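Student: So the chains spell out like this:
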Amino acid sequence: MDMALDALSWVSIVTGLFFMLVGTLGVLRLPDIYTRLHAAGMTDTMGAGFLILGMLLQTVQGILHGESTWWFVLFRLVLIYVFLLFTSPIASHALARAGLAGGVDPWTAPGDGDE
Amino acid sequence: MLRAFGLGATLFGFWLALSGHYTPMLLGFGVGSCGLVVYLSHRMNVIDEEGVPLQSALRMMMYLPWLLKEVLVANIDVAKVILSPTLKISPRMVLFHGSQKTDLGRVIYANSITLTPGTITTGVNGNEFEIHALRAADLETDEEQAMDMRCSRVEGG
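In order, the protein sequence lines correspond to chains L and Z.
Counting in the working numbering, the first sequence runs from 9 upward without gaps.
Counting in the working numbering, the second sequence runs from 39 upward without gaps.
The hints are simulated quantities; they were obtained by calculation from the structure and are not laboratory data.
Bear in mind the structure is a predicted one, so any value in this text is a computation, not a measurement.
Some hints could be false.
Said to hold, decoys possible - Calculated from the model, a selection of chain L residues having no Cβ within reach of chain Z, i.e. all distances over 12 Å:
#1 Met9
#2 Asp14
#3 Val19
#4 Ile21
#5 Leu45
#6 Met63
#7 Thr67
#8 Gln69
#9 Leu72
To be verified - Label-pair distances were calculated between CB atoms; the ranges are:
#10 Glu178/Z / Leu72/L: 37 to 45 Å
#11 Pro103/Z / His73/L: 24 to 32 Å
#12 His73/L / Leu78/Z: 36 to 44 Å
#13 Gly51/Z / Arg37/L: 39 to 47 Å
#14 Tyr77/Z / Ser76/L: 32 to 40 Å
#15 Ala42/Z / His73/L: 40 to 48 Å
#16 Val86/L / Gly89/Z: 43 to 51 Å
#17 Leu78/Z / Val86/L: 25 to 33 Å
#18 Met63/Z / Leu82/L: 48 to 56 Å
#19 Lys107/Z / Ala117/L: 27 to 35 Å
#20 Gly74/L / Asp141/Z: 42 to 50 Å
#21 Phe26/L / Arg81/Z: 44 to 52 Å
#22 Leu33/L / Gly51/Z: 35 to 43 Å
#23 Phe67/Z / Ala109/L: 40 to 48 Å
Cβ coordinates follow ideal geometry from the N, Cα and C atoms, glycine included.
Whole structure, please, built from the sequences with the hints as guidance.
Tutor: Written out as structure tokens, the structure reads:
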């Protein structure tokens with residue numbers, strides 16, 4: 009059981025790191041603020057999500073070992089993700105709006121301009 | 039009244055779960071601070087169906103798993119786009135029409151759109167949602183309509 013939980017937790021954390029990496033790569037590769045926001049959003053939802061899932065599995069292991077105070081940790085980890093779900097889209101939205109208000113035109117692919 | 043009570047109960051439950059200290063004195067502080075927050079919220083007139091959306095809380099929790107599934111699928115799509123050597127993107131501003139009746143419902147829908155990678159809500163004007171889409175070419179209208187419908191269901195009424 010310990011082995012399985014540990015393995016799952018590792019897989020989850022590595023997946024989270026992978027999405028963080030891809031998100032970062034996206035911020036570097038994509039052409040303008042709006043497209044980069046899409047990539048940055050990935051690190052919040054999936055990157056942080058899988059990292060927290062991995063940590064949750066670790067706490068589940070603690071609970072199975074009779075550490076009842078770890079329930080608090082579990083609850084707090086879930087809360088962190090819920091708060092991220094509520095706040096990160098607002099941050100993205102505010103950034104995109106700030107860009108538009110500042111007159112930054114969205115980048116369009118060559119030959120794909122506004123019809 | 040019911041909403042004020044619901045807010046108080048939620049706040050105190052939250053306090054209990056985060057505190058971890060259960061001596062009478064600290065519990066008293068908890069009750070006191072929750073009561074103060076409820077009183078201040080009442081004075082600020084924010085205890086209504088928008089500030090304390092008890093009517094949607096349960097439906098909201100049922101909506102979250104579906105939203106997370108959508109977020110996962112969309113994330114994989116965007117990850118593929120970023121990792122592909124040619125970077126096939128066709129960003130464009132598009133307009134969606136939402137069917138929500140309340141501001142709360144619109145906020146839920148707008149945030150759900152932003153949360154799914156590949157689409158960001160840049161403006162809301164009544165029921166018109168202005169979206170920046172990373173790949174306008176394969177925007178799936180079915181998916182968006184499903185999300186719109188589910189968000190309307192969350193707001194209830």
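Student: Quick check on a hinted range of 25 to 33 Å for Leu78/Z and Val86/L, using CB atoms only.
Tutor: Holds: the Cβ-Cβ distance is about 27 Å, inside 25 to 33 Å.
Student: For the pair Met63/Z and Leu82/L, does the Cβ-Cβ distance stay inside 48 to 56 Å?
Tutor: violated (27 Å)
Student: Gln69/L: least C-beta distance to chain Z exceeds 12 Å?
Tutor: holds (20 Å)
Student: Is Ile21/L truly not at the interface, in the sense that its beta carbon sits beyond 12 Å from all beta carbons of chain Z?
Tutor: holds (16 Å)
Student: Are all C-beta atoms of chain Z more than 12 Å from that of Leu72/L?
Tutor: Nearest chain Z Cβ is 20 Å from Leu72/L, so the label holds.
Student: Measuring Cβ to Cβ, find out whether Asp14/L lies farther than 12 Å from everything in chain Z.
Tutor: holds (23 Å)
Student: Does the no-contact call for Met9/L survive, Cβ to all of chain Z over 12 Å?
Tutor: Since the minimum Cβ distance to chain Z is about 25 Å, Met9/L lies beyond 12 Å and the statement holds.
Student: Kindly confirm whether 27 to 35 Å is satisfied by the beta carbon distance between Lys107/Z and Ala117/L.
Tutor: holds (29 Å)
Student: Is the Cβ of Val19/L more than 12 Å away from each Cβ in chain Z?
Tutor: holds (15 Å)
Student: Is 42 to 50 Å a correct range for the gap between the Cβ atoms of Gly74/L and Asp141/Z?
Tutor: holds (47 Å)
Student: Between Leu33/L and Gly51/Z, does the beta-carbon spacing fit 35 to 43 Å?
Tutor: For Gly51/Z against Leu33/L, whose Cβ atoms are near 41 Å apart, the range 35 to 43 Å holds.
Student: Just tell me: holds or violated, for the beta carbon distance of Glu178/Z and Leu72/L against 37 to 45 Å?
Tutor: holds (41 Å)
Violated hints for the displayed structure, listed by number in ascending order: 5, 16, 18.
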